[in-house]
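Residues per chain, in single letters:
Protein chains: 2
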Amino acid sequence: MNHSNGKVFLVGAGPGAADLITVRGMKLLQQADIVFHDALIDPQMLEFCIQAILIPVGKRCGRHSTAQAFINKRLIDASQKHQIIVRLKGGDPMIFGRADEEISALESAGIDVEVVPGITAALAASASLKQSLTLRGVSRSVAFFTHVKAENQESAVLPEADTLVIYMGRSESEMIAKKLLDQGKPEDTPVQIIEGISTKHERKLSLTLKEMHEGAALTWFNQDSPALLLVGAVFRNRLQDTGILTNRRLYG
Amino acid sequence: MNHSNGKVFLVGAGPGAADLITVRGMKLLQQADIVFHDALIDPQMLEFCIQAILIPVGKRCGRHSTAQAFINKRLIDASQKHQIIVRLKGGDPMIFGRADEEISALESAGIDVEVVPGITAALAASASLKQSLTLRGVSRSVAFFTHVKAENQESAVLPEADTLVIYMGRSESEMIAKKLLDQGKPEDTPVQIIEGISTKHERKLSLTLKEMHEGAALTWFNQDSPALLLVGAVFRNRLQDTGILTNRRLYG
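Residue numbers (my numbering), protein chains in the order written: chain A, 25 to 276; chain B, 25 to 276.
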């Protein structure tokens, strides 16, 4: 077991915009000796840590990813040489990331780890839509999930909640809609799709569950941006306000 | 309809610690003319806006709350007199708050509104526990919910997801456990309870669903702090690491 004074901070970068990191996260970037960052991190955020060694790792929409074991190894190595090591992860580190593997590897090597939360994409999407994910009398619960198809290709059970947010669901939009319809969700349940949330590439699409099942989102997606699917009756109020339910509309 | 140049920002303060607000939220506080803040906001966070008029409103664990209609009215009035109005809300504004009512009231009055997301308590709890809410092979979904008993006293249906986080569930811990057991969750499902997350009053309790059903949490709660209940198999790894499952332990 190695011992050193280096400490690793798993920091949530938030949804994309450089100023949606927390103040604590920003201060750690400013003090960091070395920063291992996801490939999708906004270069403007990296200006907080111009003094640090920058190492791009991790995912870029499925392509060009660094193997997790190699990232773990590099974090452990860095803790032998540096005091403040930041692992900057898109969104929140504890939702749909692989933080557990990094934390376990570091703790097994006797290295101190701290986690700094980040704004997860669902909350940034909700803010952008100006529609809360829970609403008295309409939605008392919200669930986040991902990957309807598991690694073993067995189809996963979707969670049951009033509002649903699907991460990384772009390639499965029709199947997700089919499953929700099979579960008994009404055909006119509103869906909001948001790409590139909080970045200059942010785009939104409003449609119904029936339309998503029919493939309405497929030609709209931009393969270079992560997409979030939000499903639930809470999105009806705002849709009615803007007439989107009768005239499906792109806005971005 | 009133017209003015004032803009209202609904800003998430995050879970408690002053430096867990976003950089964008901090900058808005620094520029604000007037800040309407929840009563539970850390005074240290309000030091970001010493130039602003400070108006405490909102909830303090059920006591001493300002009526929502009155808050809406004051926000509208403030937009006639000021340029930058911040409504600072604990956690994220769009989860279990009443942001919709504020947004609707302001938009109906022709006032520009923007929402700045905040770290919701569940993510701060996950960071503190160093245990992600989703985990490959264990949990592919996480649901947040609140108020098992509705206003009309009808008992609500709990969402079904691999990991569950219950907000404001302190007074309902036994009933929540009973419902989850009735739904088929195993008796040894690990539960983590966190009070005062990210503040100097942070305390944690580890127990099983069976123990929570038997009332094990009741004498532990501190009525002055908000509490979060986290339930799911993801918490087993860390419990086994520390031997908590066999020896229930308080740590804080």
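Hints were generated in silico from the structure; no laboratory data involved. Incorrect hints may appear among the rest.
Said to hold, decoys possible - The calculated PhoX-like cross-link candidates involving lysine-lysine, where the alpha carbons are at most 20 Å apart (straight line), are: (1) B:K202 <-> B:K105; (2) B:K154 <-> A:K31; (3) B:K31 <-> A:K51; (4) B:K209 <-> B:K234; (5) B:K31 <-> B:K105; (6) A:K31 <-> A:K105; (7) B:K31 <-> A:K154; (8) A:K51 <-> A:K31; (9) B:K154 <-> B:K228.
What the hints assert, rightly or not - A short list of chain A residues far from chain B (calculated; beta carbon distances all over 10 Å): (10) R48; (11) K51; (12) H106; (13) D116; (14) M118; (15) K154; (16) L159; (17) R160; (18) E184; (19) D186; (20) D248.
Computed from a prediction, not measured in an experiment: that's the story for all the values here. Ideal Cβ positions, reconstructed from N, Cα and C, are used throughout, including at glycine.
Now for the hints, and whether the structure bears them out:
1. A threshold of 20 Å between alpha carbons decides the hint, and for B:K202 with B:K105 the separation of about 52 Å lies outside it, so the pair is violated.
2. For the suggested pair B:K154 and A:K31, the alpha carbons sit about 14 Å apart, so the restraint of at most 20 Å is met.
3. The straight-line distance between the Cα atoms of B:K31 and A:K51 is roughly 29 Å, outside the 20 Å bound, and the hint therefore fails.
4. For the hint linking B:K209 to B:K234, the alpha-carbon distance of about 10 Å falls within 20 Å, and the restraint holds.
5. Annotation: proposed proximity of B:K31 to B:K105 holds, straight-line Cα distance about 11 Å (limit 20 Å).
6. Among the hinted pairs, A:K31 with A:K105 is consistent with the structure: their alpha-carbon atoms are about 11 Å apart, no more than 20 Å.
7. With a C-alpha separation of about 14 Å, the suggested pairing of B:K31 with A:K154 holds against the 20 Å cut-off.
8. Proposed proximity of A:K51 and A:K31 is supported: the alpha carbons are some 15 Å apart, at most 20 Å.
9. Between B:K154 and B:K228, the direct Cα distance comes to roughly 13 Å. Compliance with the 20 Å bound is thereby established for this hinted pair.
10. Against the 10 Å criterion, A:R48 falls within the reach of chain B, whose nearest CB is about 4 Å from its own CB.
11. Non-interface status of A:K51 relative to chain B is broken: a Cβ of that chain comes within 10 Å, the nearest being about 7 Å off.
12. With a least CB separation of 21 Å from chain B, A:H106 remains clear of the 10 Å interface cut-off, as annotated.
13. Not every C-beta of chain B lies more than 10 Å from that of A:D116, the closest at about 5 Å, which undercuts listing it as non-interface.
14. Against the 10 Å criterion, A:M118 falls within the reach of chain B, whose nearest CB is about 4 Å from its own CB.
15. At the 10 Å boundary, the C-beta of A:K154 falls inside the reach of chain B, the nearest C-beta of that chain being 5 Å off.
16. For A:L159, the condition that its CB be more than 10 Å from all CB atoms of chain B is violated, with the nearest at approximately 6 Å.
17. Here A:R160 does not stay apart from chain B, with its beta-carbon only about 8 Å from theirs, under the 10 Å limit.
18. Against the 10 Å criterion, A:E184 falls within the reach of chain B, whose nearest CB is about 4 Å from its own CB.
19. The non-interface label for A:D186 is inconsistent with chain B: the shortest C-beta to C-beta separation is roughly 7 Å, within 10 Å.
20. At roughly 23 Å from the closest C-beta of chain B, the C-beta of A:D248 stays outside 10 Å, upholding its exclusion from the interface.
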